[in-house]
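Engineer: The lines below spell out each chain.
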Amino acid sequence: MVEAEVEDKRITLDEAAKLVSDGAHLFWGGFGFQRPPMAFAHELVRQRKRELTIYTCGSEIDIDILAGARVVSKFELAFFAIEGIGLAPNIQRRIRDGSVQIEDYTNLAMALRFLGGALGVPFMPLKSMLGTDLIAKNRFRSNKVKVIDCPFTGEKVALVPSVKPDFSIIHASRVDMEGNAQIDGIKGEDVEGARAGKKTIVLAEEIVDVEFTRANPDLTVIPNIYVTYVVECPWGSYPMMVYNYYDYDMEHIRMYYQQCKTEEGWQKYCEEYITGVENHMEFLKKIGFEKLLKLRARKPFGY
Amino acid sequence: MEMSKKEHAKQGEYSTLELMAVCGARAIKNGEVVFVGTGLPMVAAMLAKRLHAPKAKIVYEAGFIDSNAIDIALSIADSRLEYRASAAIGLIETLGMLLQGGRVDVGFVGAAQIDEYGNLNTTYIGDFENPKVRLPGSGGGNDIVSSAKRIVVIMKHEKRKTVKKLDYMTSPGYLDGPGARERTGLRGGGPTLVVTNLCQMDFDKETKRIRLATVHPGVTVETVLENTGFDLIVPEQVLETEPPTYEELEILRRVDPMGIYIPRQQGEK
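Same order as they appear, the protein sequences are chains A and B. Per my numbering, the first sequence starts with residue 336, numbered consecutively. Per my numbering, the second sequence starts with residue 47, numbered consecutively.
Next up, chain A with everything else stripped away, as it sits in the complex (with noise of 0.2 Å):
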């Protein structure tokens, strides 16, 4: 038997921004607190991409800086605070003065929306949103929700669209160099939301190697098959947690949450902490390496 040689995927995190074009779908991964790609946040803004529109269920400063970046123009999603602190600062400045519009959807039907698109069905059924505003309403999408009569039992179900974005964009716990990734911890939406994407990125804490993944076939929640590209990003997704890898940054959310109550106060945090940074590395290197390591996840707790 001929071996075969492992597919290298590996880019960089300043290569994966300039894959996504001006105007392109991204599913965006993670889930409250737990894993979003903020490095890709930052690249993104870095980048200064411009109309990009975002599907996601709940997610919190990852997508509060890309709609004050003026990024992102429109988000299909369920959920954004800053939970437990307050409102998402700059995406209600954004809302107030237009330039980002909200489709609003629940977590489930999300959810449910990145199965659809990673099943290659066009819709997908659900008992949520059935009489309330969340179908009576909406805001730039005419084919937002419809209720059938199932034909089957003649019971009432609520239909939504599958989702085909352009891009998904996880950030995973570990992944091999030819894709294949594994996840500590809840998963949120990230196993349907990988497989919807035309293409998808995935971001990890650590690349391993290909006999580690491959001596645990089954610890790998998203296969290479499904992954275009692999990028290495320690610490990617701080201030937020990565289970078993590290805990939130309390301070630097409060901070990040009081400072961009005013535009100016966000303009600047955007330049202290993302423009005014080259990249990533420069990023960790301005928080210091003393406060991630007290973030460092203590076993057997994973925060």
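FYI, nobody ran anything at the bench for these hints, they're computed from the structure. From a predicted model like this one, the values you see are computed outputs, not experimental measurements. The beta carbon of each residue, even a glycine, is placed where N, CA and C say it ideally should be. Mixed in with the good hints, there may be bad ones.
Unchecked claim - From the structure, some residues in chain B lie toward chain A, with a derived Cβ separation under 10 Å: (1) 109; (2) 120; (3) 123; (4) 124; (5) 136; (6) 179; (7) 192; (8) 212; (9) 231; (10) 232.
On the provided structure of chain A, position chain B as indicated by the hints.
Structural biologist: For chain B alone, kept in the frame of chain A given last:
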């Protein structure tokens, strides 16, 4: 000493938020599957598990199933919730298979507005076309209220929050009255209890309209009505909410020792 733990605390020995958390905890029965978010509902569920409902199974929509967290979490996806859970999976599992699949007994939600049929708003304040404030949105809230067997709402009691007409209906209570949930295709049972800082409310079985159940110690029916924007049914007899016991307070303060969701009071025992 043991006997005194079961005694009720006196007014001034506990805060309103503590009473609300205790009311929420008492709404959970042992062995139930409980779907909660962050904030007071999380504290209430963690308290119930340490008191009368050790076999309650707490589910968080991010994917944590049968969580036994020992630290208070800030996010629904917080790694703290994974501690001694039976599984950590994802949204299709929790909101889809467990909840929509009909396996959740009670769901806890909050709201910025509620109307007299228990319909809830967590999306917009003001007009949809020109809103004053954009709130976080449904998240899993609509999914929970649509499909859990019963719903407990925990929220602040103000005139502008208890309204005749919602600015936006995010989650379905009894819609416009008896039979409406069934006609609309909703499978869950709808809201059964609303806990506020002034009182507890339930729903009239015939009309599905919201009704005063108990007033918190020190609060009069008049005070409740003065702070209510919708027509609240007031039964002939309104009991006082059972105050927290010393045992409930002691355990509650251990659940949230840093006072993340329930700030510590000056001079508390």
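Engineer: Decide, hint by hint, whether the structure agrees.
Structural biologist: Going down the list of hints, with the structure as the test:
1. 109: At about 3 Å, which falls below the 10 Å cut-off, the nearest Cβ of chain A leaves the hint on residue 109/B intact, so it holds.
2. 120: holds, 4 Å
3. 123: holds, 3 Å
4. 124: Given a least distance of 6 Å, the restraint on residue 124/B holds.
5. 136: Where the cut-off is 10 Å and the nearest Cβ of chain A is about 4 Å from residue 136/B, the hint holds.
6. 179: Hint on residue 179/B: holds, closest Cβ of chain A at ~8 Å, below 10 Å.
7. 192: Hint on residue 192/B: holds, closest Cβ of chain A at ~4 Å, below 10 Å.
8. 212: holds, 8 Å
9. 231: Cβ of residue 231/B sits 3 Å from chain A, so the hint holds.
10. 232: Holds, about 6 Å.
No hint from the list above goes unmet by this structure.
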